[in-house]
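S.K.: Sequence:
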Amino acid sequence: MVAGIHRPTKAVIDCDAIRWNISQEKKRLPEDTLLYAVVKADGYGHGAVQTAKAARQAGANGFCVALLDEALELREAGITEPIFILGIVEAAYADLMAEQQLSVAVSSLEWLQEAEQVLREKTTVYPLIVHFAIDSGMGRIGLKTAEEIQQCEAYVRQSSHLYLEGVFTHFATADEKDDQLFQLQQSRFCQLIKSFVKKPEIVHTANSATALFHQSFSSNIVRFGIALYGLNPSGNQLSTPYSLKPALQLKSRLIFVKQMSEGETVGYGATYRAKEGEWIGTVPIGYADGWTRGLQGQTVLVEGERCEIVGRVCMDQCMIRLPQEKPVGTEVVLIGKSGTDEITMQEIAEKLHTIHYEVACLLSSRIPRTYEHVC
Numbered sequence: 282m283v284a285g286i287h288r289p290t291k292a293v294i295d296c297d298a299i300r301w302n303i304s305q306e307k308k309r310l311p312e313d314t315l316l317y318a319v320v321k322a323d324g325y326g327h328g329a330v331q332t333a334k335a336a337r338q339a340g341a342n343g344f345c346v347a348l349l350d351e352a353l354e355l356r357e358a359g360i361t362e363p364i365f366i367l368g369i370v371e372a373a374y375a376d377l378m379a380e381q382q383l384s385v386a387v388s389s390l391e392w393l394q395e396a397e398q399v400l401r402e403k404t405t406v407y408p409l410i411v412h413f414a415i416d417s418g419m420g421r422i423g424l425k426t427a428e429e430i431q432q433c434e435a436y437v438r439q440s441s442h443l444y445l446e447g448v449f450t451h452f453a454t455a456d457e458k459d460d461q462l463f464q465l466q467q468s469r470f471c472q473l474i475k476s477f478v479k480k481p482e483i484v485h486t487a488n489s490a491t492a493l494f495h496q497s498f499s500s501n502i503v504r505f506g507i508a509l510y511g512l513n514p515s516g517n518q519l520s521t522p523y524s525l526k527p528a529l530q531l532k533s534r535l536i537f538v539k540q541m542s543e544g545e546t547v548g549y550g551a552t553y554r555a556k557e558g559e560w561i562g563t564v565p566i567g568y569a570d571g572w573t574r575g576l577q578g579q580t581v582l583v584e585g586e587r588c589e590i591v592g593r594v595c596m597d598q599c600m601i602r603l604p605q606e607k608p609v610g611t612e613v614v615l616i617g618k619s620g621t622d623e624i625t626m627q628e629i630a631e632k633l634h635t636i637h638y639e640v641a642c643l644l645s646s647r648i649p650r651t652y653e654h655v656c
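Residue numbers (the working numbering): 282 to 656.
Simulated from the structure, these hints should not be mistaken for laboratory data. These numbers were taken from a predicted model, which means no experiment stands behind them. Don't be surprised by glycine CBs; every beta carbon is placed ideally from N, CA and C. Among the hints, erroneous ones may be present.
Said to hold, decoys possible - Derived DEER-like restraints, expressed as beta-carbon distance ranges:
#1 Thr546 <-> Asp350: 38 to 48 Å
#2 Tyr523 <-> Pro608: 18 to 28 Å
#3 Gly359 <-> Glu545: 24 to 34 Å
#4 Glu612 <-> Thr426: 51 to 61 Å
Unchecked claim - In silico DSSO-like pairs for lysine-lysine, Cα to Cα no more than 27 Å straight-line:
#5 Lys618 <-> Lys526
#6 Lys556 <-> Lys291
#7 Lys480 <-> Lys526
#8 Lys321 <-> Lys307
#9 Lys307 <-> Lys526
#10 Lys307 <-> Lys556
#11 Lys526 <-> Lys321
Hey, can you work out the whole structure from these sequences and the hints?
M.R.: Below, the structure written as structure tokens:
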């Protein structure tokens, strides 16, 4: 999808905020614990490469992605640090991952067997680095029994084409007040890693929520994800140990302003009828940009004042009710600060009955990302 660089809608990413969030977390970590910046899904909508570079400047020791293509994007951009692929990649690409020295999640003996066959046929120089995924209660991917772990470990140990570097799990409720399942998963994981004849050198369980809200966790790498972007992983449920700085602002400008007469309608379905003399402004952003139809009734900021989105959000535009006439070109802040007020991504998420992760990831590539304080 082409970026709309010739319209005024843009996402502004503050690289200083990214560096701040990482530096604050690194201050809390033991010296022997590393921080991997999670930049999957195009850096949660913030831009993977620029986010990774800012994170590296702040001391990130490596990176996590979800897809092989996301890892390759980082390598092509000159990121030489360790990269771990959190998701399962087809074994057919084992040689490519080995050549690029990427680490990958493993969830079955069958996958290891297929990957080794590929590596034998391709005669790769480097072994494939693998991390065993443990399903301790997430129900997504991973080995679940001691027998599975022992079979996979024995297979890897006898192979010159595979190298077992790590083992990991993912917590389902680390961001919630009720920690019963978290404690159960922690206990299961600790029990299962006793199944190894030789425990891998890297053990990682801590995502942002685990690192922020749980002092004790079995991890020598923190997978720092949503908090990297200045967003509280729990929404508003739990308080973070330090202040997070949101990295993204979403801004646009008024492209058309008109005064309405009593009863005139706005938008598809004519769901809004104006009162006499109301001023309506049009903003060039819509659901094709990830600014979804559910945001009808949400407010935006115009010169520090809250202005309601009226009528249905269109594919490419939405309309707002202005307090008075405003000139075309006036800035509109959809996420971020204007004057003394601020619209947070959490506020948008609550309006949509979802989480801020989804809000950030939905912002489409039609919206150009611009970067402040780039080093």
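S.K.: Determine for every hint whether it applies to the structure shown.
M.R.: Tested hints:
For threonine 546 paired with aspartate 350, a C-beta distance near 45 Å keeps the hint of 38 to 48 Å intact. The hinted range of 18 to 28 Å is not satisfied by tyrosine 523 and proline 608, whose Cβ atoms lie roughly 41 Å apart. Between glycine 359 and glutamate 545, the C-beta spacing of about 55 Å breaks the proposed range 24 to 34 Å. Checked against the hint of 51 to 61 Å, the C-beta distance between glutamate 612 and threonine 426 comes to roughly 57 Å, which is consistent with it.
For the suggested pair lysine 618 and lysine 526, the alpha carbons sit about 12 Å apart, so the restraint of at most 27 Å is met. A hinted pair counts as satisfied when its Cα atoms are at most 27 Å apart, and lysine 556 with lysine 291 does not qualify at roughly 31 Å. Distance hint between lysine 480 and lysine 526 is unfulfilled; the C-alpha atoms sit about 37 Å from each other, more than 27 Å. For the proposed pair lysine 321 and lysine 307, the alpha carbon gap of about 20 Å is at most 27 Å, so the pair holds.
Between lysine 307 and lysine 526 the alpha-carbon distance is near 15 Å, which keeps this suggested pair within the 27 Å criterion. Under the criterion of a C-alpha separation no larger than 27 Å, the hint pairing lysine 307 with lysine 556 is inconsistent with the structure, at around 54 Å. Taken as a hint, the lysine 526 and lysine 321 pair is honoured in the structure, with Cα atoms around 20 Å apart against an allowance of 27 Å.
Checked against the numbered hints given earlier, this structure breaks hints 2, 3, 6, 7, 10; the rest are met.
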